[in-house]
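Student: Each chain, letter by letter, is given below.
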Amino acid sequence: MTPFRKDSANPTMVRDYGDDLHIFASRQTRVALGLLVVLAVLAPLKLSNFQSTVLDYAGIASIGAIGLNLLTGFTGQVSLGHAFFLGTGSYTAAYLGGQRHWPFLVFLLAAAAVGALVGAVVGPFALRLRGNYLAIITVGLVFTGQHVFESWTSVTGGLNGTSVAAPPRIGPVDFSRLVIFGHRFGRDQGFLFVIWALVALVALTSKNLVRSRSGRALQAVRDRDVAAEVIGIRLARYKVLAFVVSSSLAALAGALFGSYQQFVAPGDFGLVVSLQYIAMIVVGGVGTTFGPILGALFITAMPRLIEQFSDRIPGVASSPGAKGITIFSLNQAIFGSLIIAFLVLEPRGLAALWLRVKAYFRAWPLSY
Amino acid sequence: MNDFLQLCFAGLALGSRYALVALGFVIIYKATGVINFAQGSMVTLGAYFAYNFHKTWGLPFALAVVMAVVAGGLVGALIQRLLLRRMVGRPVFGVIMITIGLLFLLTEVMASVWGYDARDLGDPWGIDTVKVGGVVLSVKDLWGIALAGVVLLAFFVFFKFSGIGLAMRAAAFDQEAALARGISVRRVFGWSWAIAGAVAALAGISLGSGPAAVTPSLGLIALAAFPAMILGGLDSPLGAVIGGVVIGVTQTLTAGYQPEYAAFLGTNFHVVMPYVVMIAILLVRPYGLLGTKEVHRL
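Those sequence lines, one after another, are chains Y and Z. Numbered according to the working numbering, the first sequence spans residues 969 to 1336. Numbered according to the working numbering, the second sequence spans residues 2 to 299.
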């Protein structure tokens, strides 16, 4: 037994293997997460439609980003094909939920299953390649996917897209028309409950996967694949596992996206979307559990906030044809600059910024 | 038969443009091990430079081309100096992400300066054609093919006989050993970005001149050059050219025959054909046709 007692001043310090395996690092973390849950349950009462919309999209993106983080952050396989799997999920929801009227939870699960299946078919081929070659072949996946989405008109509606008439109804409760104790929630607010409950579930699952035997194998593959193989980790199996889980989470996010937005078109699943997801995990913090959620919040909220407050930013054209940079251009330029700035200045992302702030205040006022 | 030859020629012309774009990718990859996602915007930037010098400032076309190539090279060197030099020793993934950030940033900077409207770059040949047998060859396409050939030849001469070229080959082969022999790897990186920028400008001019006007989306073709680069192998200039031609010819032949013989594949299948070819080739040869096989060491 270790002679050290747990130091209450520094509960996040890892002293033995047991500490490393804890799902929540300390009592403080547990309390903070509990408060967060209470906040999340109460928040929809007060949030405006605009704020709810931003958080809805952020939650959907979080689920996809957690999936990508398992593949890229924990297993070290850079995939630019995430948009393809999001699309797969969305169109599954459109077909099963919208055209076939399957219940909400069933078509969500079905979408995740279809995503996993497609991932399991594509994965073994794609993962023969490493590093740069893998990144490029997954770009090919996005473009071939686009072609399928545009051509398979009976399911996808072709270039014009398809409506997704799949309301979030679980049993007798329709979350898009939720009434609790006489309080009537709006559609955007009702969706918050569904989406963020799923985010919590997915985050918990991801955290549990990472600290399991499989999760450690994934990280070994990331750190040095040849060494991992030598100590008896079957590379092919674990790479495909990560790929399957990641694509199934992407498809789940896609199905939610379709159900929430009620309309999807091939343009929603272009290469830019893949790049945005990569940006989310980079900005949030690669290889952390909370990072992708922070990154998703940041990357999805930023353009909407800029749009909302564009009239107060100098040099922005408020109407088409007016002088100045367009809102779209400004968004894209800021997005690009942010990626560069984070990688040059803080490669560990927002999650690390938070740790820095915490470290600073723990030692305050003697900050070193 | 004439139809077939005509399509092959069109494919060759298209392929030589892919090859020019792919050469820019290859030179950066060979020296630094990074795929430069911003190559497409460097291509567009080169075309806009030429437009600016030729149309706005009224300089002769040939002079505008030379100046655009120099300016493109300077931009490449500047990017390397300002951003990527800081990333030496960091994971390759991070550097690739920076080039993705640059892709977004450069595209919007160009859209803000030159707008979204199509700009006519013009060229000295217009729509002149030559007839050989039953096949009509446009002079502009012949220039494009010749340009790709000359650039490839220049690459070989440069790598074989110039000091910098030799240093670049050494650094690509083994960075530490090159450093130990007194080669400045930083300067090699700078040069490779400058050359990539210059080649990108040439590619941009070749793409944007004549009927095809310059628009901010010109650089999207760089995405279609990915398959060309991969097909030949990421680190082989000759492979880039072969890959470019193969992809170009396949694409025009698909556009010519697929609607008639394989209509079930959907309209515009030729747009995704390069990716299908790429995926098929990579499954058989994971390092492309001429790429160097990676050696795993513990």
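Treat each hint with caution, since some may be false.
[Unchecked claim] For each label pair, taking beta carbons as the anchor points, the in silico distance ranges come out as:
{"#": "1", "chain 1": "Y", "residue 1": "Arg1096", "chain 2": "Z", "residue 2": "Gly183", "range": "35 to 41 angstroms"}
{"#": "2", "chain 1": "Z", "residue 1": "Ala181", "chain 2": "Y", "residue 2": "Tyr985", "range": "15 to 21 angstroms"}
{"#": "3", "chain 1": "Z", "residue 1": "Gly90", "chain 2": "Y", "residue 2": "Phe1149", "range": "37 to 43 angstroms"}
{"#": "4", "chain 1": "Z", "residue 1": "Leu154", "chain 2": "Y", "residue 2": "Ala1195", "range": "15 to 21 angstroms"}
{"#": "5", "chain 1": "Y", "residue 1": "Arg1205", "chain 2": "Z", "residue 2": "Tyr258", "range": "53 to 59 angstroms"}
{"#": "6", "chain 1": "Z", "residue 1": "Val71", "chain 2": "Y", "residue 2": "Leu1169", "range": "44 to 50 angstroms"}
{"#": "7", "chain 1": "Z", "residue 1": "Arg182", "chain 2": "Y", "residue 2": "Arg1324", "range": "40 to 46 angstroms"}
{"#": "8", "chain 1": "Z", "residue 1": "Arg188", "chain 2": "Y", "residue 2": "Asp984", "range": "46 to 52 angstroms"}
{"#": "9", "chain 1": "Y", "residue 1": "Arg1192", "chain 2": "Z", "residue 2": "Val71", "range": "42 to 48 angstroms"}
{"#": "10", "chain 1": "Y", "residue 1": "Pro1071", "chain 2": "Z", "residue 2": "Ala119", "range": "48 to 54 angstroms"}
{"#": "11", "chain 1": "Z", "residue 1": "Ile128", "chain 2": "Y", "residue 2": "Ile1281", "range": "55 to 61 angstroms"}
{"#": "12", "chain 1": "Z", "residue 1": "Val71", "chain 2": "Y", "residue 2": "Ala1000", "range": "44 to 50 angstroms"}
{"#": "13", "chain 1": "Y", "residue 1": "Asp988", "chain 2": "Z", "residue 2": "Gly90", "range": "44 to 50 angstroms"}
[As the list claims (entries may be wrong)] Simulated coverage check for chain Z against chain Y, where a stretch passes if three residues somewhere in it have a Cβ under 8 angstroms from a Cβ of chain Y:
{"#": "14", "stretch": "79 to 92"}
{"#": "15", "stretch": "138 to 149"}
{"#": "16", "stretch": "262 to 270"}
[What the hints assert, rightly or not] Beyond 12 angstroms from chain Y on every Cβ pair, some chain Z residues (computed):
{"#": "17", "residue": "Tyr30"}
{"#": "18", "residue": "Trp58"}
{"#": "19", "residue": "Gly95"}
{"#": "20", "residue": "Gly135"}
{"#": "21", "residue": "Gly234"}
{"#": "22", "residue": "Tyr258"}
No lab work stands behind these hints: they were computed from the structure. Model, not experiment: these values are computed from the prediction. All residues carry an ideal CB built from backbone N, CA and C; glycine is no exception.
Student: Note whether the CB distance of Arg182/Z and Arg1324/Y lies within 40 to 46 angstroms or breaks it.
Tutor: holds, 41 angstroms
Student: Is it the case that Gly95/Z keeps its Cβ farther than 12 angstroms from each residue Cβ in chain Y?
Tutor: violated, 5 angstroms
Student: Would you say Gly234/Z is clear of chain Y, with no C-beta pair closer than or equal to 12 angstroms?
Tutor: Gly234/Z not clear of chain Y: closest Cβ-Cβ about 10 angstroms, inside 12 angstroms.
Student: Regarding Ala181/Z and Tyr985/Y, is the given constraint of 15 to 21 angstroms on their beta-carbon distance met?
Tutor: violated, 42 angstroms
Student: Confirm or reject the coverage of the stretch 262 to 270 of chain Z by chain Y under the rule of 3 or more residues with a beta carbon closer than 8 angstroms to the chain's beta carbons.
Tutor: Holds, because 5 residues of the stretch 262 to 270 of chain Z bring their Cβ atoms closer than 8 angstroms to Cβ atoms of chain Y.
Student: I want to verify a distance hint. Is the separation of the beta carbons of Arg1205/Y and Tyr258/Z within 53 to 59 angstroms?
Tutor: Roughly 42 angstroms apart at Cβ, these two residues miss the hinted range, so it is violated.
Student: Take a look at whether the Cβ-Cβ distance between Pro1071/Y and Ala119/Z falls inside 48 to 54 angstroms.
Tutor: holds, 50 angstroms
Student: Does the hinted range 15 to 21 angstroms hold for Leu154/Z and Ala1195/Y at CB?
Tutor: Given a distance of about 44 angstroms, which is not inside 15 to 21 angstroms, the answer is violated.
Student: So the hint says 37 to 43 angstroms: do the beta-carbon atoms of Gly90/Z and Phe1149/Y match that?
Tutor: At 59 angstroms between Cβs, range violated.
Student: For the range 46 to 52 angstroms, tell me whether the beta carbons of Arg188/Z and Asp984/Y fit it or not.
Tutor: Roughly 49 angstroms apart at Cβ, these two residues keep to the hinted range, so it holds.
Student: Return holds or violated for the Cβ distance of Ile128/Z and Ile1281/Y against the range 55 to 61 angstroms.
Tutor: For Ile1281/Y against Ile128/Z, whose Cβ atoms are near 46 angstroms apart, the range 55 to 61 angstroms is violated.
Student: Do Val71/Z and Leu1169/Y keep their Cβ atoms within the hinted range of 44 to 50 angstroms?
Tutor: The hinted range 44 to 50 angstroms is violated for Val71/Z and Leu1169/Y, with Cβ atoms some 57 angstroms apart.
Checked against the numbered hints above, the structure violates hints 2, 3, 4, 5, 6, 11, 12, 13, 15, 17, 19 and 21; every other hint is satisfied.
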